[in-house]
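Novice: The sequence shown begins at 1 in full-length UniProt numbering and counts up by one.
Bear in mind the hints are in silico, worked out from the structure with no lab data behind them. There could be a bad hint or two in this list.
[Stated by the list, open to error] As a list, the in silico DSS-like pairs of lysine-lysine whose alpha-carbon atoms are at most 30 Å apart:
#, residue 1, residue 2
1, 436, 129
2, 436, 418
3, 430, 33
4, 159, 418
5, 418, 430
[Stated by the list, open to error] Per label pair, the in silico range of CB-to-CB distance:
#, residue 1, residue 2, range
6, 204, 464, 41 to 49 Å
7, 540, 398, 52 to 60 Å
8, 458, 369, 43 to 51 Å
9, 152, 464, 30 to 38 Å
10, 540, 46, 54 to 62 Å
11, 459, 324, 36 to 44 Å
12, 166, 31, 36 to 44 Å
13, 42, 606, 37 to 45 Å
14, 619, 464, 25 to 33 Å
15, 458, 212, 44 to 52 Å
Using N, Cα and C, we set each Cβ at its ideal position, and we do this for glycine too.
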Amino acid sequence: MGFSFGTVPPGVTSDPHRHDEIEAFVILSGSGKTRTDLGEVSVEAGDVILLDPFEAHVLENDGNENLNFVDVYWRDGEAALDVAARDAAPRGPIFVFSMPPTPNGDLHLGHISGPYLGADVYTRFLRMKGVEAYHLTGSDDYQSYVATRADADQSTPAKVARHYADEIRATFALLDCEVHSFLSTMRDDAYAEFQATCFRSLLSSTAVDLRESAALFDAVTGQYLYEPDVSGRCPDCGEPAGGNLCEECGSPNLCHDLGAARSRQSAEGPVVGSVRRAELALDRHYDNIDRHLRASGAPARIMDLFARLRQRGDFSVPITHPSDWGLPAEGIPGQVIWASPEMAFSFLYNIQTLARSQGRDWNAAIPSNDWQIVHFFGFDNSFSLALLCPALYAEVFSQWRPSIRYHVNEFYLLDGEKFSTSRGHAIWGKEVLNPKMVDVVRLHLGLTRPEGERTNFTLNALRRTEHDVFRGIWLNWLDALGQEIAQLFNGRVPDAGDWSPADRAFFARIETYRAAMERTYSDDGFSVRRAAAQACDFVRECVSYRQAQDYAAARRLYPARNRTSLALQTTAAAILAQTLAPLMPRFASTLARAIGGVSTETWPQSVQRLAPDTTFDLRPLLVFYA
Numbered sequence: 001m002g003f004s005f006g007t008v009p010p011g012v013t014s015d016p017h018r019h020d021e022i023e024a025f026v027i028l029s030g031s032g033k034t035r036t037d038l039g040e041v042s043v044e045a046g047d048v049i050l051l052d053p054f055e056a057h058v059l060e061n062d063g064n065e066n067l068n069f070v071d072v073y074w075r076d077g078e079a080a081l082d083v084a085a086r087d088a089a090p091r092g093p094i095f096v097f098s099m100p101p102t103p104n105g106d107l108h109l110g111h112i113s114g115p116y117l118g119a120d121v122y123t124r125f126l127r128m129k130g131v132e133a134y135h136l137t138g139s140d141d142y143q144s145y146v147a148t149r150a151d152a153d154q155s156t157p158a159k160v161a162r163h164y165a166d167e168i169r170a171t172f173a174l175l176d177c178e179v180h181s182f183l184s185t186m187r188d189d190a191y192a193e194f195q196a197t198c199f200r201s202l203l204s205s206t207a208v209d210l211r212e213s214a215a216l217f218d219a220v221t222g223q224y225l226y227e228p229d230v231s232g233r234c235p236d237c238g239e240p241a242g243g244n245l246c247e248e249c250g251s252p253n254l255c256h257d258l259g260a261a262r263s264r265q266s267a268e269g270p271v272v273g274s275v276r277r278a279e280l281a282l283d284r285h286y287d288n289i290d291r292h293l294r295a296s297g298a299p300a301r302i303m304d305l306f307a308r309l310r311q312r313g314d315f316s317v318p319i320t321h322p323s324d325w326g327l328p329a330e331g332i333p334g335q336v337i338w339a340s341p342e343m344a345f346s347f348l349y350n351i352q353t354l355a356r357s358q359g360r361d362w363n364a365a366i367p368s369n370d371w372q373i374v375h376f377f378g379f380d381n382s383f384s385l386a387l388l389c390p391a392l393y394a395e396v397f398s399q400w401r402p403s404i405r406y407h408v409n410e411f412y413l414l415d416g417e418k419f420s421t422s423r424g425h426a427i428w429g430k431e432v433l434n435p436k437m438v439d440v441v442r443l444h445l446g447l448t449r450p451e452g453e454r455t456n457f458t459l460n461a462l463r464r465t466e467h468d469v470f471r472g473i474w475l476n477w478l479d480a481l482g483q484e485i486a487q488l489f490n491g492r493v494p495d496a497g498d499w500s501p502a503d504r505a506f507f508a509r510i511e512t513y514r515a516a517m518e519r520t521y522s523d524d525g526f527s528v529r530r531a532a533a534q535a536c537d538f539v540r541e542c543v544s545y546r547q548a549q550d551y552a553a554a555r556r557l558y559p560a561r562n563r564t565s566l567a568l569q570t571t572a573a574a575i576l577a578q579t580l581a582p583l584m585p586r587f588a589s590t591l592a593r594a595i596g597g598v599s600t601e602t603w604p605q606s607v608q609r610l611a612p613d614t615t616f617d618l619r620p621l622l623v624f625y626a
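Start from the sequences and build out the full structure, keeping to the hints where you can.
Specialist: In structure tokens form, the structure reads like this:
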């Protein structure tokens, strides 16, 4: 046990944090507020706040005198393990956002493997657990990259955005990816006005100024250069980078600070000039961003990006750019709102759009502290989502304390190189997705998902997953099991008989697997790659268990043992169906329908052996995948 004295001066908020000890604050004098995972309460002298292990907490002094307190803390290992193992109940609805795709091309497997598969798996699991969760995304229609694609196709940005937004939605359908709200920003009449209102709020804030600052221009045409119009060397890491962002290290740039800059328009080196734009002094929000990242439990990769940004000191980022494509920046002729701040507010608007279909009263202009937001995205979008968005929200919605979690993936490579829409180096979703292959693709993308490191895709590896793993192990086991149940018990699950030590161990292993999958799908330990690997390992264990019982003479002489073995394998098949529902929904539902009474709508709280005489007819499953 330990204790200390603490003081929070007027107007100051302590750093948000969480730890494994139990902690108690005893307020000695002053007043303020404490915010925890359970909400916000006012505190004053004489109050005691008791905090569980891992419960995030801050003290805020909103009074005129020091908030003095005694901090008492002690470690209880059993309590810490109990809290770590259970899910925290959400305060309100959970809005799971996958990064809105840019409609300058269809979705390739590099896109699918990251945000879209991850968000779909995560949302499906939450809904199985009875949580009010929704998957939201859309098409980022006003991206500058849409205009670039339109130039290449000799089309218009609007036509390009409309065409590829429809193609993207079709690919989502082929992926069996459930999207509860798909916002096509260009097609929503009220969207532009909402963005204009948010932009007016930004212009009136103290952190945003209209200022003349350095910018980059094409030496021949004089065109203003940003994003896809320019490339060079990142001023932070020195690696090749595009305008405004380095995909390698995630750092933003201002284009004019790129090394060896090159314009897309001409072979001449671009020139540095100046332009008057709206700029956000991001350095004024460093403390706010720091508190937000700590409270969100942001991955170390994002924390590192922020630490590197802080080392720059003063940093202002333009939030408008001269362009013909985008939402007009009111009061700044010839300029449009940069797509990154637009995207920040589009998330809130998408929640309001979802509200209409759900009969709810969620209002984008009045975001609620009960909203839980979860973002799935590639690391190259970390600056916009995890650093810029919180600063923008603080400027426009000062009373809102957003609760946001971040799930980040790295680049997925194709034959050792980055997927590239512009270079055509890609395997498109529509090339490999069909009803019989969709779950094989989802399984393989899960097994190779770029979590914490870059991973590689090859068509040969996908074929091996299909033939060697899914068909060679999974379906062969289920086929043999189904045939034996049909021949010996007329397609009905037998009652267990005599239990050997191996049987008891296998029954315990089924529960171990179920609990491991639950932890892997849950927020703190979420990993599609680990879920896919655990499922493969479990099926291999089922096969090994079956092989260990596969002796004809012993089966004839000890039929009670054989009944137990088959009863346990049918239970394992049922648990496999339920635990694979988030990752492989079509396969899981087809398998579940073959087993009477098994549902993939709810998550199994524990392993329950299938009741004797339960229907077990796998022929429809095997015929479908024949």
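Novice: Against the structure, test the hints numbered earlier, and report the numbers of the ones violated in rising order.
Specialist: The structure conflicts with hints 3, 6 and 12, although it agrees with all the remaining ones.
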